[in-house]
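From first to last, the protein sequence lines are chains R and E. Heads up, the first sequence is in our numbering, so the first residue is 1239 and it goes up one at a time. Heads up, the second sequence is in our numbering, so the first residue is 1239 and it goes up one at a time.
Heads up, some of the hints might be wrong.
Copies of the same chain look alike in the list, so a pair counts if it works inside one copy or between any two.
Only pairs whose alpha carbons sit at most 30 Å apart, straight line, appear in this in silico DSSO-like list of lysine-lysine [stated by the list, open to error]:
| # | residue 1 | residue 2 |
| --- | --- | --- |
| 1 | Lys1269 | Lys1411 |
| 2 | Lys1411 | Lys1273 |
| 3 | Lys1411 | Lys1265 |
| 4 | Lys1428 | Lys1383 |
| 5 | Lys1428 | Lys1411 |
Calculated directly from the structure, the hints in this document are not laboratory data.
Given next are the chains, with one letter for each unit.
Number of protein chains: 2
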Amino acid sequence: MVSEKQFRVPGVIGGLGPEATLDFFAKLLEKTAAKSDQEHLHVIINNNPHVPNRNEAIAGRGPSPGPALAANALALKAAGADFLVMVCNAAHAFQADIEAVCDLPLLSIIEVTVKASLLHKPRVVGVLGSSATLTTHLYDQAFLKHGIKTLSPQDTAQDHFMDLLYQIKAGHKENCRLDMQHIAHDLIAKGAEVIIAGCTEVPLVLSPQDLPVPLISSTDSLVEATILYARTEGSTSSA
Amino acid sequence: MVSEKQFRVPGVIGGLGPEATLDFFAKLLEKTAAKSDQEHLHVIINNNPHVPNRNEAIAGRGPSPGPALAANALALKAAGADFLVMVCNAAHAFQADIEAVCDLPLLSIIEVTVKASLLHKPRVVGVLGSSATLTTHLYDQAFLKHGIKTLSPQDTAQDHFMDLLYQIKAGHKENCRLDMQHIAHDLIAKGAEVIIAGCTEVPLVLSPQDLPVPLISSTDSLVEATILYARTEGSTSSA
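Using the sequences plus the hints, can you model the full thing?
This is the structure in C-alpha cells:
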C-alpha cells in the first residue's frame, strides 16, 4: 500500500461549471501518468453547481457567490484536503471570501496561467475570459506585474463570447469552436502574441492547433501546478 | 439561485480506480441532461486510490481495504454528503466495514446492477468481475434471490480477465476490447443471456454494440440509480 501521506491532497472547488471540473479531473489523471491505481493522486472534488452566477454578481444583478465558495472550501477541508484549487477563473474574484474563513493554501488559476504563459515571452497577450474575469481585471493586474499588456474582446465580441460560454455550459459545444476561433483571431490581428484561455469552458472547444499563436489553457496550467504542488517534498497530509 | 437543499448530495467513494471514477462522473453529467450549471447535481467525489488492493485482500495476500474505505466514507459525510455510492464492485465485499462506522445510506452497485438486468428477464447471466467480486459471490447471491443463475470465466480465462483489468488501470486500453469480447462470448456460448459488466473497468473498453446479447454496465446502472435517488421527493440535505 502506498501511503496517502506521501502527497498533499488537493481539494477541488468545482461545479463552475461541472463540465470544466470533469475536464480538470480527466487531465489530472492523464498528466499524472500513473501505472497503477496507487500511483494516482488522492484528490477530493466538491462539484457544487448551486452557486450564484459569478457574472451576474459582478455586474450587480445577483447575489455574491462568495459565501457558497467559502462553504465549498470548508467542506473540502473537513474531508481532508491539504490545499485548494478552483476550476473557474471568474470565481477568483471572490478568493478573499474563501481565505477569510479557510486557512488552506489556494493555488490561484490566474497566477499559474500567467506563469505558464511567461515561457513564450509575450509583450501582448489576448485574454478570453468571462465578463466577470475581465471587469475585475484578474489577468490585467497579474500580467501588468510582468510588464505584459492585455487585450480582450470588446462590446459585441464579448457579448458573443458570453453567449458561447452559456451554450457550452448547456452542452451545445458543436458550433462554438469556429466562433471562438474568430474571436481569438481578432485579438491576434490586434497584436496578441499569445492567447489565454482564461475561462475553463474555452478549452472544452478550442485547442492549440486551432490558432497560429500559442494558446495557454488555464485548466491545463492548473492541472500541472496541482500535480507539482501535491508532489512537492515535505508535504504533509491532514487526511 | 437554485437551492442545493432540493436534492440529496451523493458522496462518491472513488479512486478504485480513478479512471472508473472519472467515467462515473462523466456519465453522471451526461445523464443529468442539465441546461445550465445550476441544474446539475451537487456531488462530492473522494478519489482516493491509496487503498489496499481488493483482490489481494480477498485472496489473503494483503491488508483489508475496509478501514480506508470507511475513512473515505466518513470524509464524504464530513463534507456534506447525504448518501454514498462506491464506484467499484469488489469493494462492496467490504460494505459492512463502511456501515459499521458511517450511518449514511449506501446505494449498492451490485443491487442496482441486478435490478437493471431484470428488465431483460434473463434465466442465466454471465458476470465479468474481478476475482474478489467472484470469490465473494456478490453477484451470485444477489441474482440467486431472483432465481437467476450466474456464469463467470474460469481458471485461465479469469486470470486473463485480471490481466486485462490491470492493463486498463495502467492506461493501456487499446488492445483490451477484443480480448474482453472473447471472454464474454465464451459465457454467451455457455448459455448467458445477458452479460454483466460487474467491474467498473469493463465499460471503459466494452460497449453494448460489442456483444450479441444485452450488456449491463454496473457504472451506468449506478449513475442512473444515483440521479434517481438524489432527486427523490422528500430529500433533505445536511450540506
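Structure-based check of each hint:
In this assembly of identical chains, the alpha carbons of Lys1269 and Lys1411 lie at most 30 Å apart whether taken from the same copy (24 Å) or from different copies (16 Å). In this homomeric assembly, Lys1411 and Lys1273 come within 30 Å of each other (Cα to Cα) only across copies, at 12 Å, whereas the closest approach inside a single copy is 32 Å. In this assembly of identical chains, Lys1411 and Lys1265 lie within 30 Å of each other by CA distance both inside one copy and across copies; the values are 19 Å within and 17 Å between. When the C-alpha separation of Lys1428 and Lys1383 is checked against a cutoff of 30 Å, the pair qualifies only within one copy, where the shortest distance is 22 Å, while the shortest distance between copies is 70 Å.
Proximity of Lys1428 and Lys1411 under a CA criterion of 30 Å is satisfied intra-copy only: 27 Å inside one chain copy versus 44 Å between copies.
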